[in-house]
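A.B. asks: Letter by letter, the chains look like this.
There are 2 protein chains.
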Amino acid sequence: MKKNDKAPDSLEAFQKRLVEISDSLPKRLRQCADYVAANTDKIAISTVAELAANAGVQPSAFIRFCQLMGFSGYSEMQRIFRDDYAQRWPDYATRIANLRSSGDDSPATLLAEFMEAGRASIESLANEIDAEELARAVDALAGASMIHIAGLSRAFPVAAYLAYAFEKMDIPTILHDKTGNLDRRHSILPGNVLLAISFAPYTRETIDLATYAHEKGNRIVAITDALNSPFHRLEAISLKVSEVDVGAFRALSATLSLAIALAVAVGARRSSDPPGK
Amino acid sequence: MKKNDKAPDSLEAFQKRLVEISDSLPKRLRQCADYVAANTDKIAISTVAELAANAGVQPSAFIRFCQLMGFSGYSEMQRIFRDDYAQRWPDYATRIANLRSSGDDSPATLLAEFMEAGRASIESLANEIDAEELARAVDALAGASMIHIAGLSRAFPVAAYLAYAFEKMDIPTILHDKTGNLDRRHSILPGNVLLAISFAPYTRETIDLATYAHEKGNRIVAITDALNSPFHRLEAISLKVSEVDVGAFRALSATLSLAIALAVAVGARRSSDPPGK
DNA sequence: TCTCGAATAGAATAAATATTCCATTCCGTC
DNA sequence: GACGGAATGGAATATTTATTCTATTCGAGA
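So the sequences go chain by chain: Z and V.
So the first sequence is numbered by this note's numbering: it starts at 1 and just counts up by one.
So the second sequence is numbered by this note's numbering: it starts at 1001 and just counts up by one.
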């Protein structure tokens, strides 16, 4: 057995060693390393059997991993996590408070503000979302022969994420970014649906595109931040999501949650019930 | 033995029951109650023997205490504390599977899942963030004459959002997307910093670019999801953020909160203390 | 101070959990 | 395609941990 003359005795040492050995690991042991790297926190309260199962390996393999890390076995490795846990238990509220108090405009304080804002935004989304309107949006998108996605400036990350998610699910999608200043509005054909994302002050290009699509008779699904947004005039199916701001900035936590849920719901619907054309 | 028809199933219920029975307890059992009241957090990671010793009683006495609390024994009591802890990293894969099998995959349910995942991710970010590493990242970026942003596929929305935020604050930025399949690595000059975002399985292009930058001697700040990401070999300042997943999908709530906080902190620093060149 | 039921300590046992061992598989090399 | 070493799975074993049991102590009330 490996002498544990070099057993990591702190989280930093643990991390260092993990990086060190990660390169030269065979398949199963690499699975252990990856799982541990992504779920360090579970170690304190789990048994080898549980961790091994989650990592998709045998308990014995997991123990060999612990030994490669320099410990005599799992128990010894777990100890450093339990010790650490005992020290930093304070719950979320306390933790946020701690981050906040680390100096007025320190990065950690700012992060705490944005995390709080994200949490609050998600909460208000839960209260405000109209389940029926959401269902209608899913219907419309699931029935589309092609989904056009439009969103610029602050909405662009959302548009890009939606494009990514649809792509992963093999759903035909066109992302209307402004690359090469090409206007691809003529790719909007009958039976297509436009998924537009825009927040006040509404981006002219996005509204223009939506207006064009509406005039051609295409259905529009909008993710926006107010009920009186310009999309309303276009008979769009509107999903309202408002983000709490921190100073002049807003994160996109709630919007992204809504976006991914919408995409996955559409994907699920289409796999059980493919669109006509 | 006490039937556990009334075993507390939440921390609140536990607390309530503890207060209820505390009054009418004989000496040793009272010691248990007092110790537990003062060290509730230790239960998740301790053995009966440890707790009993700390409370100054025999293990058997401690178990009798657990039974008075309404549990069948120590293990059952410990479970609610471990579950509570694990709640921050729930196994959404199985939950979504349950939803599927129960036929309830309505869009609203899915949205609820993603909102919950977002909330949990933000909480775990609060617990995991290393304030000092974050401060180092801000230092590095605030001192950069140019910030290069790299992030593809799932990380691309994050990269786009960062580019948007920096742009709004007049901070010189280049977003290394793959438009036109142009490789713009030669725009990375001395004094520049690369801000790379990538999650497992790590995108080759992003890692390549980071490797190149590292070889040229540029500082790298990474937003990634595991301690053993490839960025560690590049001596990057690494910010770890792990998102809870729903089935095969992950939202980006925590990542986006971190990204915007980072950007705003850099902006604030630069306005009070502009970079040399 | 005696009696009796409740409370307790500690040993004995049961159960869960970690670890080792070995037969089999996998993979690179000749 | 045969060989050999590394890696793996899974059963067997060892260890730790939880729980039960029983003899003893304690303390209130007569």
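What the hints contain is simulated information worked out from the structure, not anything from laboratory work.
Heads up, a few of these hints could be off.
To be verified - Not the full set, but computed from the structure, chain V residues with beta-carbon under 7 Å of chain Z:
(1) F1114
(2) R1119
(3) A1126
(4) A1140
(5) G1143
(6) I1260
Claimed, not checked - Distance condition first, Cα-Cα at most 25 Å in a straight line; then the derived DSS-like pairs of lysine-lysine:
(7) K178/Z with K1178/V
(8) K16/Z with K42/Z
(9) K1216/V with K16/Z
(10) K1216/V with K1168/V
(11) K27/Z with K16/Z
(12) K178/Z with K1168/V
(13) K1042/V with K42/Z
(14) K16/Z with K6/Z
(15) K27/Z with K6/Z
(16) K178/Z with K168/Z
(17) K1042/V with K1027/V
(18) K1016/V with K1042/V
(19) K1168/V with K1178/V
(20) K42/Z with K27/Z
(21) K168/Z with K1178/V
Unchecked claim - Label-pair restraints from in silico Cβ distances:
(22) E1167/V with H186/Z: 49 to 57 Å
(23) D1041/V with E123/Z: 20 to 28 Å
(24) E1133/V with L182/Z: 19 to 27 Å
(25) A126/Z with R1233/V: 37 to 45 Å
(26) L1189/V with A126/Z: 18 to 26 Å
(27) P190/Z with R1079/V: 55 to 63 Å
(28) A135/Z with S1010/V: 45 to 53 Å
(29) A1013/V with A53/Z: 26 to 34 Å
(30) P1059/V with A49/Z: 49 to 57 Å
(31) A49/Z with G1073/V: 18 to 26 Å
(32) R1079/V with G73/Z: 22 to 30 Å
(33) L1189/V with K216/Z: 44 to 52 Å
The beta carbon of each residue, even a glycine, is placed where N, CA and C say it ideally should be.
A.B. asks: Each hint should be assessed against the structure and marked as holding or not.
C.D. replies: Comparing the hints with the structure gives:
{"no.": "1", "hint": "F1114", "in the structure": "4 Å, holds"}
{"no.": "2", "hint": "R1119", "in the structure": "6 Å, holds"}
{"no.": "3", "hint": "A1126", "in the structure": "5 Å, holds"}
{"no.": "4", "hint": "A1140", "in the structure": "12 Å, violated"}
{"no.": "5", "hint": "G1143", "in the structure": "14 Å, violated"}
{"no.": "6", "hint": "I1260", "in the structure": "5 Å, holds"}
{"no.": "7", "hint": "K178/Z with K1178/V", "in the structure": "14 Å, holds"}
{"no.": "8", "hint": "K16/Z with K42/Z", "in the structure": "19 Å, holds"}
{"no.": "9", "hint": "K1216/V with K16/Z", "in the structure": "24 Å, holds"}
{"no.": "10", "hint": "K1216/V with K1168/V", "in the structure": "29 Å, violated"}
{"no.": "11", "hint": "K27/Z with K16/Z", "in the structure": "20 Å, holds"}
{"no.": "12", "hint": "K178/Z with K1168/V", "in the structure": "18 Å, holds"}
{"no.": "13", "hint": "K1042/V with K42/Z", "in the structure": "15 Å, holds"}
{"no.": "14", "hint": "K16/Z with K6/Z", "in the structure": "12 Å, holds"}
{"no.": "15", "hint": "K27/Z with K6/Z", "in the structure": "24 Å, holds"}
{"no.": "16", "hint": "K178/Z with K168/Z", "in the structure": "22 Å, holds"}
{"no.": "17", "hint": "K1042/V with K1027/V", "in the structure": "22 Å, holds"}
{"no.": "18", "hint": "K1016/V with K1042/V", "in the structure": "18 Å, holds"}
{"no.": "19", "hint": "K1168/V with K1178/V", "in the structure": "22 Å, holds"}
{"no.": "20", "hint": "K42/Z with K27/Z", "in the structure": "22 Å, holds"}
{"no.": "21", "hint": "K168/Z with K1178/V", "in the structure": "18 Å, holds"}
{"no.": "22", "hint": "E1167/V with H186/Z: 49 to 57 Å", "in the structure": "30 Å, violated"}
{"no.": "23", "hint": "D1041/V with E123/Z: 20 to 28 Å", "in the structure": "26 Å, holds"}
{"no.": "24", "hint": "E1133/V with L182/Z: 19 to 27 Å", "in the structure": "41 Å, violated"}
{"no.": "25", "hint": "A126/Z with R1233/V: 37 to 45 Å", "in the structure": "41 Å, holds"}
{"no.": "26", "hint": "L1189/V with A126/Z: 18 to 26 Å", "in the structure": "47 Å, violated"}
{"no.": "27", "hint": "P190/Z with R1079/V: 55 to 63 Å", "in the structure": "57 Å, holds"}
{"no.": "28", "hint": "A135/Z with S1010/V: 45 to 53 Å", "in the structure": "32 Å, violated"}
{"no.": "29", "hint": "A1013/V with A53/Z: 26 to 34 Å", "in the structure": "29 Å, holds"}
{"no.": "30", "hint": "P1059/V with A49/Z: 49 to 57 Å", "in the structure": "24 Å, violated"}
{"no.": "31", "hint": "A49/Z with G1073/V: 18 to 26 Å", "in the structure": "20 Å, holds"}
{"no.": "32", "hint": "R1079/V with G73/Z: 22 to 30 Å", "in the structure": "24 Å, holds"}
{"no.": "33", "hint": "L1189/V with K216/Z: 44 to 52 Å", "in the structure": "47 Å, holds"}
Going down the numbered hints, you'll see the structure goes against 4, 5, 10, 22, 24, 26, 28, 30, while the others check out.
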